[in-house]
Amino acid sequence: MKALLVAECRQGRLAGEYAELFGFARALGAATSLVLVGNPEELPGFDGRLHFADAREYGEYSPDVHKRLVLKAVEAEKPDLVVFMHSSYGWDLAPRVAAAMRAAQVSEVSGIGEGAFVTGCCNGKMRRTVRPLTPRAVLTLQPGAFPAGTPCGSPEIIPIGTSTETPVELLRYEPPAAEGIDLSRAEVVVSAGRGVGRREQVELVRALAEALGGEVGASRPVVDAGWLEHGRQVGSTGQTVAPALYVACGISGAIQHVAGMKGSGFVLAVNTDRDAPIGEVADLLVVADLAQFLPALILKLRV
Amino acid sequence: MKILVCVKQVPDLEGRFVPNAAGTWFDESGLAFRMNDYDEFAVEEAVGLRERLGGDAEVTALSIGPDRVVETLRKAMAMGCDRGVHVRDGAAAERDPWQVASMIAGYARSRGFELILTGMQSIDRGSAQVGVLVAELLGFACTTTAVGFSCDGSTATVERELEGGAKGVVRLKLPAVVTCQLGLNTPRYPTLPNILKAKKKELLVLAPGDVGLEAPLAAASGFCRHERSASCLVLEGGADDLAGRVVAELREKTAVLRRGGAR
Numbered sequence: 001m002k003a004l005l006v007a008e009c010r011q012g013r014l015a016g017e018y019a020e021l022f023g024f025a026r027a028l029g030a031a032t033s034l035v036l037v038g039n040p041e042e043l044p045g046f047d048g049r050l051h052f053a054d055a056r057e058y059g060e061y062s063p064d065v066h067k068r069l070v071l072k073a074v075e076a077e078k079p080d081l082v083v084f085m086h087s088s089y090g091w092d093l094a095p096r097v098a099a100a101m102r103a104a105q106v107s108e109v110s111g112i113g114e115g116a117f118v119t120g121c122c123n124g125k126m127r128r129t130v131r132p133l134t135p136r137a138v139l140t141l142q143p144g145a146f147p148a149g150t151p152c153g154s155p156e157i158i159p160i161g162t163s164t165e166t167p168v169e170l171l172r173y174e175p176p177a178a179e180g181i182d183l184s185r186a187e188v189v190v191s192a193g194r195g196v197g198r199r200e201q202v203e204l205v206r207a208l209a210e211a212l213g214g215e216v217g218a219s220r221p222v223v224d225a226g227w228l229e230h231g232r233q234v235g236s237t238g239q240t241v242a243p244a245l246y247v248a249c250g251i252s253g254a255i256q257h258v259a260g261m262k263g264s265g266f267v268l269a270v271n272t273d274r275d276a277p278i279g280e281v282a283d284l285l286v287v288a289d290l291a292q293f294l295p296a297l298i299l300k301l302r303v
Numbered sequence: 304m305k306i307l308v309c310v311k312q313v314p315d316l317e318g319r320f321v322p323n324a325a326g327t328w329f330d331e332s333g334l335a336f337r338m339n340d341y342d343e344f345a346v347e348e349a350v351g352l353r354e355r356l357g358g359d360a361e362v363t364a365l366s367i368g369p370d371r372v373v374e375t376l377r378k379a380m381a382m383g384c385d386r387g388v389h390v391r392d393g394a395a396a397e398r399d400p401w402q403v404a405s406m407i408a409g410y411a412r413s414r415g416f417e418l419i420l421t422g423m424q425s426i427d428r429g430s431a432q433v434g435v436l437v438a439e440l441l442g443f444a445c446t447t448t449a450v451g452f453s454c455d456g457s458t459a460t461v462e463r464e465l466e467g468g469a470k471g472v473v474r475l476k477l478p479a480v481v482t483c484q485l486g487l488n489t490p491r492y493p494t495l496p497n498i499l500k501a502k503k504k505e506l507l508v509l510a511p512g513d514v515g516l517e518a519p520l521a522a523a524s525g526f527c528r529h530e531r532s533a534s535c536l537v538l539e540g541g542a543d544d545l546a547g548r549v550v551a552e553l554r555e556k557t558a559v560l561r562r563g564g565a566r
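Chains A and B are the protein sequences, given in the same order.
Quick note on numbering: the first sequence equals residues 1 to 303 in our numbering.
Quick note on numbering: the second sequence equals residues 304 to 566 in our numbering.
Heads up, some of the hints might be wrong.
Okay, the calculated bits of chain A under chain B, using three or more residues with CB under 8 Å as the criterion [stated by the list, open to error]:
id	region
1	89-103
2	261-269
3	292-300
These are calculated hints, taken from the structure and not from any lab test.
Using N, Cα and C, we set each Cβ at its ideal position, and we do this for glycine too.
Chain A with its partners taken away, still in its complex shape (with noise of 0.2 Å):
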């Protein structure tokens, strides 16, 4: 089993999950190859061939231009795996990558099976065994789901090249807009998420913060919502926070959102669901409504 790892490199920095590429390659007992674009002062440190471009010359975010890239190092390989990570850039370039192979894809796989692949669905409530039909496939991890193998080593550089022309271009970056609250400090995080149902319930989520002392956060649908702001996101594209108790009330619990919020030391989540996949990565499942339980909790709680 042959498999070839694509890194990427965002803002000038090797992303640090390809670690996790060869965590999988590990897991999976594959030979593994990588093919990078990206910048030539950030190269992982690895045994192996490592198919290069400099992202100065081809761009970032170029993906049709990656694309051609990712295919020269997939000719010379000839793997019957090409792995990303399941990052912006990863699910971008892969489906590209496979439909030019003519390959079945299987995104966001979290687990290995017998010739196929266990990814989640249903946002992460259910799960499902996804098996290509075609002698090779495309993949992209699921972030976290493998443990990062510890690579090293300086690879063998076989530089790629190819035409620059796209009808796509990254005119520029745009930073984070600020943040009001560093919620990564807090003791204790009680935060938000679409099972509150309506912005009113928002308040008997912050007067539960209060009550523990801790800050108040939100996953994604509240704050697109505007019930609360930005700057107290947690998840994969907000903050991440790892405080000693982390309250979960009415988030499902999508994979985004837990990628924010995983390292906390105990996680109590609130939800009427009792299959919500929160139930994964929390020590205590409360089965109830937000409306009647949480101003029991806080009279408790003032006692």
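Keeping the supplied structure of chain A fixed, place chain B upon it in accordance with the hints.
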């Protein structure tokens, strides 16, 4: 300017999912269906763009699935799409992303669309592949995860959401496919007059064979519930009783109530 917006009908995720007999996907009975969240933003963006461009811009909404998806197409039309295309496919839920993309591209090919909008993923399958595959099959420019969008008729400028809330501003030459992230805009609620109007809008019904359905590249099995972590304690009961038990648990297993933190 001709705009195509692709919408999927998905189950409400609060529902209880039970594997079908083959274990390939869920049994639909008892589930409520609605428009995929991400696709609502695509519909709003398409309709908003047509309003901004004025003139002869038109928006076609396409959905693939059994007869129930007509409801979602009617919603898209009530939000302002000019017409609907229903690829009637009872097996749509079992199709892999390649097959779904082959049908969308098969419909769109040679119909002169300059812009195709869709959600970046569906909430049930979540592969995030279909939009990009459609672009590849059609040879269109493509970008994903739009949280900002503008279009002047020959190019589109898209803000892509990146890790940690940063954005990449990307310019694409049309024709293009853009996949939409949550929060791109504020999807409108269909008004009653528009719901009534939508019932009279044109709805074209096609079969998968009419739009070039291809063979699958992948097969699914073993659909099941994601196990909860073994250490998760589940509490059920009345609110007062639960509150007491939760406080006891927090006292025993965390330090947050010990330092006089609770007020």
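Checked hints:
Chain B is given as covering the region 89-103 of chain A, and this holds because 10 residues of the stretch bring a CB closer than 8 Å to a CB of that chain, at least three being needed. Counting residues of the region 261-269 of chain A whose C-beta sits closer than 8 Å to any C-beta of chain B gives 3, which meets the bar of three, so the coverage hint holds. Counting residues of the region 292-300 of chain A whose C-beta lies closer than 8 Å to any C-beta of chain B gives 7; at least three are required, and the coverage claim holds.
No hint from the list above goes unmet by this structure.
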